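Student: Next come the chains, spelled out residue by residue.
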Amino acid sequence: MVDKIAYPVQLIQPDGRRVFRPDYTSLVRDIGPDQLRDLYEDLVAARRMDVEAVALQRQGELGLWAPLLGQEAAQVGSARALRPDDYAFISYREHAVAYCRGVDPGVMTRMWRGCAHSAWDPSSVNVTNPAIVVGSQGLHATGYAMGAHLDGAEIATIAYFGDGATSQGDLAEALGFSMSFNAPVVFFCQNNQFAISEPVHLQSPVPIAQRAAGYGMPALRVDGNDVLAVLAVTRQATQRAREGSGPTFIEAVTYRMGPHTTSDDPTRYRAAAETEIWKARDPIDRMRRLLEREGLLSDEFLARVQATADAVAARLRSGTVEAPDPAPLDLFDHVYSTDHPLIDEEREQYAAYLAGFAGIEEALS
Amino acid sequence: MAQEFRLPDLGEGLTEAELVSWAVEVGQTIELNQVIGEVETAKALVELPSPYPGVVEELLVAPGATVPVGTPIIRIATDAATPEAPARTPVLVGYGPEAAAESKRARRRSVGPETGRPEAARTDGRRPDASPAARLAARERGIDLAVVAGTGPSGAVTRNDVESHAGQSVPPEPSGTAETVQRETRTPIRGVRKQTAAAMVRSAFTAPHVTEFVTIDVTRSVELLDRLRDLPEFEGLSVTPLSLVAKAMIVALRANPSLNASWDEENQEIVTKHYVNLGIAAATPRGLMVPNIKEAQSLSLVELCRAITELTATARSGKAEPAQLTGGTVSITNVGVFGVDTGTPILNPGEAAILCLGSVGKRPWVHEGELAVRWVTTLSVSFDHRVVDGEQGSRFLSSVAAMLHDPASLLAHL
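So the sequences go chain by chain: A and B. Counting from 1, position 267 in the first sequence corresponds to residue 1334 in our numbering; the numbering is continuous, with no gaps. Counting from 1, position 241 in the second sequence corresponds to residue 690 in our numbering; the numbering is continuous, with no gaps.
Simulated from the structure, these hints should not be mistaken for laboratory data. Quantities reported herein were computed from a predicted structural model and do not represent experimental measurements. Please note that the accuracy of each hint is not assured.
Stated by the list, open to error - Quick list of in silico lysine-lysine cross-link-like pairs, BS3-like style, CA-CA up to 27 Å: (1) K768/B x K492/B; (2) K1346/A x K492/B; (3) K492/B x K643/B; (4) K643/B x K768/B; (5) K1346/A x K743/B; (6) K743/B x K722/B; (7) K643/B x K743/B; (8) K743/B x K768/B; (9) K768/B x K1346/A.
Chain A on its own, in the form it takes in the complex (with noise of 0.2 Å):
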């Protein structure tokens, strides 16, 4: 397990080589031409969706959003190693989870924009809407898991957090309870180098994932620019989860190429040439190298490729700018699923505010 943890697994290195490891490359045998050039699509449509509501941020149509750019391999091939009925519980930067498990890239951004509550229907994809809260879903992820085991139901539940939310206490309980409960559970911790501003080596002077040892939990490091080795290790992983042998703790080693938010600097603390290194490990480039390599590169399926991450992008722009604005008192509308009295007041109280404000305008106009 040491070893494990010293040398992220990989199978496609930087350069698109394949790297030669039996165990880990069974485990995505499958995965052939078609599928390669599919996961390759996800990465592009992820970043051209990514990219897309960046700049509708700096057109003032989003209060704020995320970025994942680097991370999508991480994303994509986790996402993509889960099966209908698994369920995800991701953080505030899974978009490409959330769009590899089908959710329509038109709502996406309806929570950044301010005008609902939530994107989507959870249990409509069995993933969850964003979670704000740094390291809640674990609770929630667990909690889900202990359910399903309780149910005999044979799925996996996967937490998605970052490397600062392994210093919460929420991800702390969430890894304790599912140890002791035997929770199906994948802890998937993306690695991306920073807490915000704090760099992951003021986190924890080892790397995170032998922190999971602490907790009696398997754990191991991957690559996480390298969408086949992420595909491997976490399909191995949701398996044991499905087959009742427990959590497993995954950290995929990649990098957050932009801020952590629109509102965020990141040149005022981490210099150029570190993202330097990075970009020649780009999660995207990596797979094409491999395409190249193998031959399986055409204009005919990159334009395709580009079809699709335009129409992913034009589906997120048009869902965003024409999101219709919720009238105030929508507010109080999803608090409770039933009546409550409490929220009845507030809503009359709202309401008798707002009348306030009636007939100023036009009186002028």
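Using the hints, position chain B against chain A.
Tutor: Just chain B, lined up with the frame of chain A:
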């Protein structure tokens, strides 16, 4: 039809931003999401992508201007005959309807002394208590809330108070003369300007400055530079007097280390540096920056030329990293590029010396006993008199001058 792009809130709850530069010009055809310019907020320098494809009709804000969120900054002619988007009131995190109302329509402002009831006037300068609806009603009517008598809880102004006040007094129309002739511009002190000011005050009032001057014949240096430019090693580099001065300065510091030192007030120590992080003062669009070349003592003349070119280019493009702007040990300022003779520079805080290079020009000069036309320049050095005495300062300056007068003597030190 034309679309206006209004400055959005680029961070969470920002109210204004500075337009740093435009990347497009009037008449240019642009695509959706094409970068049109850069703005700097309190949080970050960000690129603005265009929300519309089309042709740039007008740039509404000049580079360097700081404008409130919601200000139209560019007008773009678009093909699509799409109707104007409904005016959304952007109620995003942090700025509420109050800030949004700024952009909605031109309003009559309350002007001059109010003709309202004087008994209700508040003179303590505090923001009067009022309900949000009362504030909006007052703004829409151009009424100063301070002159409205409040009947609400604790004397707060209610909407009814505003309505009844409005019924009694009509604010005068603005005469317009005040806006036609603007005799002064008030620019808020912020950003680089503010930091420069703080650094200059700190330096000028903690380190006792002494400045010395020397005027020298640098004809041989000018000739040397001409020859160096033709060497393949210097191809593509800008070989300027500044690079030679930098080299001479680094050499002269070896014999006069007290100028490459700093005064540590806290520990009551003088810290003499055995390395040279050479600061180069650069005028950038964002203001004065002094990025420095690390370990300059170990660079050859070629490397120094390259480092100076790259450093100043980085600083001018606003891409200098914090590490490049800190840790300097001694600086050069090249005021000669502006055509002036010399100056009395203020020390970069924490450093003990700064060398100033004046313009290099042809002047009448006594050369070998005769009047001749020679390349002449004036060097000055300011030093911290707590650390450096007149003796070391003078030796340093004359040593730099000697090497520039006869660059062959530089060889003796290499």
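Student: Run the structure past the numbered hints and jot down the numbers of the failing ones, going up.
Tutor: none
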